[in-house]
Structure formats: structure tokens, C-alpha cells
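Number of protein chains: 4
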Amino acid sequence: MTGSDTPGAVVLLTGFAPFDGETINPSFEIARRLDGATIAEHRVIAAKLPCEFGAAIVALREALDAHRPRLVLALGQADGRCDLSIERIAINMDDARIPDNAGRQPVDEAIVAGAPAAYFSTLPIKAMVAGLRAKGIPSSVSQSAGTYVCNHVFFGLMHELAQGRQALRGGFMHVPLLPEQAARRPEQPCLPLEIMVEGVRTALEVALRVRVDLRETGGRTA
Amino acid sequence: MTGSDTPGAVVLLTGFAPFDGETINPSFEIARRLDGATIAEHRVIAAKLPCEFGAAIVALREALDAHRPRLVLALGQADGRCDLSIERIAINMDDARIPDNAGRQPVDEAIVAGAPAAYFSTLPIKAMVAGLRAKGIPSSVSQSAGTYVCNHVFFGLMHELAQGRQALRGGFMHVPLLPEQAARRPEQPCLPLEIMVEGVRTALEVALRVRVDLRETGGRTA
Amino acid sequence: MTGSDTPGAVVLLTGFAPFDGETINPSFEIARRLDGATIAEHRVIAAKLPCEFGAAIVALREALDAHRPRLVLALGQADGRCDLSIERIAINMDDARIPDNAGRQPVDEAIVAGAPAAYFSTLPIKAMVAGLRAKGIPSSVSQSAGTYVCNHVFFGLMHELAQGRQALRGGFMHVPLLPEQAARRPEQPCLPLEIMVEGVRTALEVALRVRVDLRETGGRTA
Amino acid sequence: MTGSDTPGAVVLLTGFAPFDGETINPSFEIARRLDGATIAEHRVIAAKLPCEFGAAIVALREALDAHRPRLVLALGQADGRCDLSIERIAINMDDARIPDNAGRQPVDEAIVAGAPAAYFSTLPIKAMVAGLRAKGIPSSVSQSAGTYVCNHVFFGLMHELAQGRQALRGGFMHVPLLPEQAARRPEQPCLPLEIMVEGVRTALEVALRVRVDLRETGGRTA
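Residue numbers (my numbering), protein chains in the order written: chain H, 1 to 222; chain B, 223 to 444; chain S, 445 to 666; chain L, 667 to 888.
There could be a bad hint or two in this list.
Unchecked claim - For each label pair, taking beta carbons as the anchor points, the in silico distance ranges come out as:
| id | chain 1 | residue 1 | chain 2 | residue 2 | range |
| --- | --- | --- | --- | --- | --- |
| 1 | B | PRO321 | H | ARG184 | 19 to 27 Å |
| 2 | H | GLY80 | L | ALA828 | 30 to 38 Å |
| 3 | H | GLY36 | S | ILE468 | 56 to 64 Å |
| 4 | H | GLU187 | L | ILE690 | 27 to 35 Å |
| 5 | B | GLU409 | L | ILE690 | 20 to 28 Å |
| 6 | H | VAL58 | S | ILE468 | 22 to 30 Å |
| 7 | H | VAL58 | B | ILE246 | 46 to 54 Å |
| 8 | B | ALA356 | S | PRO630 | 46 to 54 Å |
| 9 | H | GLU41 | L | ILE764 | 34 to 42 Å |
| 10 | S | ARG629 | B | ASP257 | 43 to 51 Å |
| 11 | B | ALA332 | H | ARG32 | 51 to 59 Å |
| 12 | B | ASP257 | S | PRO630 | 45 to 53 Å |
Derived from the structure by calculation, the hints contain no laboratory data.
Virtual Cβ for every residue (Gly too), placed ideally from N, Cα, C.
Start from the sequences, fold in the hints, and give me the full structure.
Written out as C-alpha cells, the structure reads:
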């Protein structure tokens, strides 16, 4: 009932509503499957965020207030990616290639005016990648979460944390399409839900247990 | 008990031994899982082929003689592919980028001297792709099986069929890496064994039931 | 003045009309630039083929009759390719992903009923790749010319040769987009016209001088 | 003789020494070709930076002190990219996948301890992309400059600017391989030097003339 990371402590796991013509979004399907699970003595609470600039951060903030988690992992769908990719950095910029679910399409707008240009994830991203790979689940570090609603929520999360929820750690993971989505979109990689659920469970377990990240390269030359 | 496609009839499903430094080959893992299964009233018999030019066709021919199947589907592993890809054509050419498991590396050699330049698959490749997609399993037609041991076996199979086993139909499917392989090789797509087993089962079922292929594009401009 | 490969001998170099919404096709731009050039004592004659199934082969046959070349190189545009890719094999199959310029979209139709399943290029494809690379021009062997009008013409050409123009050698090269095309289509590789012209000149020179191809791998595992 | 952006004003254009086994680096070849040119009434001064963490920023700072430019564009080579890609953001993180030319391989180290997590380019990146495309030169906005020496220099530059050279504007452009490099590395896109020189000239001209960037999407969903 007292300290951090004790029974009673909560992990918030968010996913998004479907977007871009899809009727399903693997990010929320994963979160829903893990809702109520216990991982490293934390209870997982899932939340569904709208795929809308602005409203997604409002919903995230409400979930933070309601559940007072110790750790937050936000999930989002990424076409064209093969693996569970752990994002390194959130940037203070919206630049939407397509409209969001409310029809808004911000271009080159700061997410939070006056806030820093970027925040690094405060999760042990290298250890999470290593933990996933050790279980035979493909994973890598990603250097960009894009400039759409995923990055928007990731930045909103990290800004919240920086503003005074500093005991709270947070980060973002992009996940591939589901097979049923890829079956309609040739040449898109995918992973089935079961392996992604197992992967997110593993990533959360590592994130909860590891405080000092591995020193192992996950960079790119460009 | 005798006629085609009756109980008692056999489907031969081949996979390869691991190659190129791998310790597992998804193609044979799939075949092994389906060994003994009944699909569309046919019994599946799995065979493992060596990843060796020449010897692979010898082993295939022995399996054809031993089991007298009604239909043959040969499977092979393809790095970099996202889906279950059904090959359209086998070409009469070995051109090995890397040595095979016996250390041989033929370059620009005919597989069967004097044989045709190529054979088309005699399986209903478009219907197989459509059947897989309908089950939410990513699949596409491929226009090239490469020039390594996979194409070698595919050509050897089709040449056997053309030589006098003409009641027998045959074809080839390339499959992606397994997640445990992709976990060691970043940026490679993969599919888990379960979905590939389900996919091959579906493809065989379609191949056994469909005699006239769908007229649905699966081509490429280049 | 009469024999093969003497002054007076002709090389036919074909390119296509623009297609798929484009207003330019690099394949014909290259051919046009080399029209009238002398390469290895042969005069280059360029011909423009319509991007239409059927009509393209008719136009090719007319050019063969009119110019009685010693060697034919057909060129075609390939989105998504980075280099000058020399095709290994033409297959007897049309399967159009998009309609041609006349609105026709054949699916799984033989190009020439009763003809072989495929023909190999009779040009020294490995020596051509090596010659291009030696000049610093990116090039590779391609295992599939697709199933659209490019493969259609390539097959039509090789079938003509097999039918009684056997002194004549022929092959096909796919070329990337031009920069001005890629500037409108992000993430598409390209090469400028000048380097492609130089590359085709080099390829023709090698093709005219080399009769026995190099034994150097240009294959793919899948 | 008087204010900024008059004759006498200088643009600093940097490129890197070759790295990763190469003997040439297109980034410095471009800079060298434009050294001494006049663009939008500014004189271009080229500088070569070592491909070394730390030393590259020292060399950049010396060039800034020596030439007191009005605008700085740093160039770097990027394998696998097709176009002139204008970087949006520099991040305060070194994570080297391979050692630099001095054998150093920092992993997850801040470039400048205590500095912000990131800086945005202060060049009009959308207008630069639009200007290049209008000239038929492929270009796009990039959301990540990687975590190697390129990003290192870009961050070092933007930090210098933020520290008190605020009249100075700066940014980074990644460029593809040269054809002669791609000829040795199959499946890598490239652009010839001439088009890249023309592209950088155009980009500098736009950067010097445009103060308020276009509002045009250049983002990615992930």
C-alpha cells in the first residue's frame, strides 16, 4: 500500500482506436488483452485513446489522473515495420500526412508551445529490446515515432511526466499490423496478436524490473 | 481405395534442412507439423530435403516413388519476404549466391540439360492466395523462386511431373523466417509457425479442391 | 560489307511510350539519345513501342523486319529499382496489375499459345553487369521482368528469335525512374538520363563484343 | 559591405571525410564543388569535417569562428536513402552502430551534457524540399538524422547557434551514395554528383531567400 512498485501499483497501457480506414488497431487489441494482468507485481490497466490530435492527450491525462500509474507504456500501430519497436524520443511537432479521425491535419505545429523540442523515453529501451530478442520476439530501437498522433501522445505523455509526475516513467512502442490487416495490404509485414501480447508483457516486465539500461548499441548511422 | 483424390490418396509436403548458418528452417518445421494430417481427404506425408543441389532432387524423386502422391507442395525459406508466397514458375538455371550445405556453388548451370527453360506451377496459385487472404493470412503470387536450391527443387519437381507423372500436380511456396530467426536479424519480416502451418493447410485444401484457377491479377509491372 | 558485326550492321534499341499516368518514359528517352550512334561498329537504331499488349510485339516485329539488326536490346521502366537491371528470363504469361495504354488488362494469358514457358536472354548478362559496374554504373541481374508489357515484349522478342532469326541475339534491360519522375514520387530511386544513356551504351558494347558470358554469380536465394 | 545577406556574407557548407571503408564521401565532394560559388549574394565556403565524434564538432566550431557565416548547411552521406533529405531535428544522443574513424563508438551518451534533448533545424525545410522538387530533384523531409556522427555534428551546430550565434541559421541534409559507390553495393540507391551539387545549390538558394517556411506536410505517421 505504500512504496512504488509494490502490490497495488499500476501500469497504464494505452492503445489507439482504428484509423486510416482500418476497423481494428493492434495497439488497443494488445492493451485490451493485458488489461487486469499482473506483471512484476503491478496491475495492468488498459486505456483506449482516440486517434485525434489534442483529444488523445486529454484522454491520456484523464487516465493518468484516474489510475496514478507507476509506469506508462503507450502503444501505436506502424505500417511497414516488422517488429516491436521501442521509441527513443518524442518530438514537439505535429505534421500530419493524413487527417486524424476528427478530420484535423496539423502541419508543423508545436504540440505544447514553449515546451522543449523533445523528450527521451525514460524506459530502459535497450534492455527491453534485449529482453524481447532473448524470448525470440523481433524488436529494435526506433529513432523516430513519426509526426502523427503516435508521436503526439508520446510527447504529451513525456511532457506530463516532466511537469511534475517525475516518479512516473514512460515510453512508447510501435507495433506492426495484424496478419488480417496485412492480408489486405500486400508487402506489409505483420505479427499476430498473440506474439505481440507476449512481447508487450515481456517489455513491461523488463521496464518494471530494470532501472539502469543496458549499454548496447541500438543506433543508426542515418 | 485407389482412384485420385479418394481416402488413401496422398499429398507430399516437402521442407528443407537449415542452411546459411541457421539451425532451423521453417519450411521443414511446417511440413513436420502437418505430417499425418488429413486435408481434403488426402493424407499428408512430410519429407525433408537436403539443402544441396542435386541431392535435393534425388531425395524428392525417392519420396515421389515411395509415396506416389496426388499432389506435391514443396516449401522453402525466403529471407526478406513478408508472406506465404506462391511461386508461379520454376526456371532451368542454378546460380548460387552462396554455397549449398555440401559446399557446391553452381553458377549459370542448367538444372536439367536439354529440358525446357521453365515450367509453370500446375497448382491454382491465384485461388490459393485468395483462400489464404480470406482467412486473414498474408499471401501473394511470386514471379521468381530465385536461382538457389529452392528453385532447383521446384524445377526438378515440375520436370518429373512433365516426364510422365502427369496426373500429379505440383508447386512451390516460399515462407518467411520464424520470429526466433528474425529476432537475431533486425529488419527481417517473419511469421510464427502456427500461422504458417494454418496457411499451408489452407493452401493445400484449396489446391486439392480447385481445378480451374481464379482469374484475378497477381502480377507485377516489373 | 555484309557479314555480321561489320560496319553496316545494326543494333535495334527499343523503348516504350509513357504509361501509368506518366508523361515521359526513360526507356524511350535513352533509346532516342542513342539513335544513330555507332557502338562497336554497329549503328544503333531506336524504336518506340506502344505500352500495349499485342501492339507492342507487332511494332517490334515491324522494326525487326525493317532494320534486320544483329542484336536487339529492349528497354523498359521499372519503378522501385535502383539500377540498370539486366533481365535473365522472359516468361510466357501476361498478368496485368493495371490496364495498358489501350485499356486492356490480360490476366494469366499465354503470350504465345503453344510456345515454350520461357526463354533465357541470349545476351552475356553477367558480362554486361560487370562492364557497367567497372564504369561505376550500378547494375545487377534480375530474375523476373514481371508480367506486364515489358515481359510481354521481351518474350515476344525471344520467341521471334527462336522462330528463325537465330543469328540474332536479344535481351531486356529494366531502368529506374528519371529524377524528375522520382521528384513527384517520394521514396522511389532514380538515375539521371545521362548516366542511363552511358550505361546502355556500355551494355551494348559489352553485348556486341562478348560471346561467352562470365561465370560470376548474379543469383538470388529466393 | 554592411548588413547580413549582402555581398560579403558567407554560407558555410560542410561535408565529411569518407568512413566505413569508403574512399570517397559524396557530402564533401558536393561541398568542394560549391566552394567559392556565389549563391543568393552569399559566398560559399566549404569545410571538411573528420568522421569522428568530438573532433567533428571542434572542426565545425573552428570554421564558424574563422568564417562567421550567415547560414550553415552540414551535409552527410546516408546509405539506403534515395533523395536529398532535409533533416528536421537533431537529438542530443550518440549511439554508434559502428566505430568512427578514430575507433570510438559511444553508446547512449549525451552529445552535450545538460543541453536540451533536441533542436529543430532553423532552415525552411519544407520550402527547400519544394524548391528541389520543382527543379525535378528528388527530396523529402527526414524525421531522424540517426545517432552517428551526422546527427552529432547537426546537434553540435544547433547547440552553437542556440548558445549565442542566434543570427546564424543552420540545418542538415543527408545525401545518397554516388553511383560509383552503389556500383559496388547492389540494391543501394544513388544520385550522381552533378545532380546533388545542383540540388544543394538550389537548397541553399531557397534557404537564403525564404524566412517563413511553407505550410506543407512532410511528416510520417510512424
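Hint check:
Distance hint check for PRO321/B and ARG184/H: the Cβ-Cβ separation is about 39 Å, which falls outside the suggested range of 19 to 27 Å. At about 34 Å, the beta-carbon gap between GLY80/H and ALA828/L stays in the expected band of 30 to 38 Å. Between GLY36/H and ILE468/S, the C-beta spacing of about 59 Å keeps the proposed range 56 to 64 Å intact. Checked against the hint of 27 to 35 Å, the C-beta distance between GLU187/H and ILE690/L comes to roughly 34 Å, which is consistent with it.
Remark: the range hint 20 to 28 Å for GLU409/B to ILE690/L is upheld by a beta-carbon distance near 26 Å. For VAL58/H and ILE468/S, the Cβ-Cβ distance of about 49 Å falls outside the hinted range of 22 to 30 Å, so the restraint is violated. The hinted range of 46 to 54 Å is satisfied by VAL58/H and ILE246/B, whose Cβ atoms lie roughly 48 Å apart. Range check, ALA356/B to PRO630/S: Cβ separation about 33 Å, and the 46 to 54 Å hint is violated.
The beta-carbon spacing between GLU41/H and ILE764/L, approximately 40 Å, falls within the hinted interval of 34 to 42 Å. Checking the proposed 43 to 51 Å range against ARG629/S and ASP257/B shows it holds: the Cβ atoms sit about 47 Å from each other. In this structure, ALA332/B and ARG32/H meet the distance hint of 51 to 59 Å, their C-beta atoms being roughly 56 Å apart. Judged by the Cβ atoms, the range 45 to 53 Å given for ASP257/B and PRO630/S holds: they are separated by roughly 48 Å.
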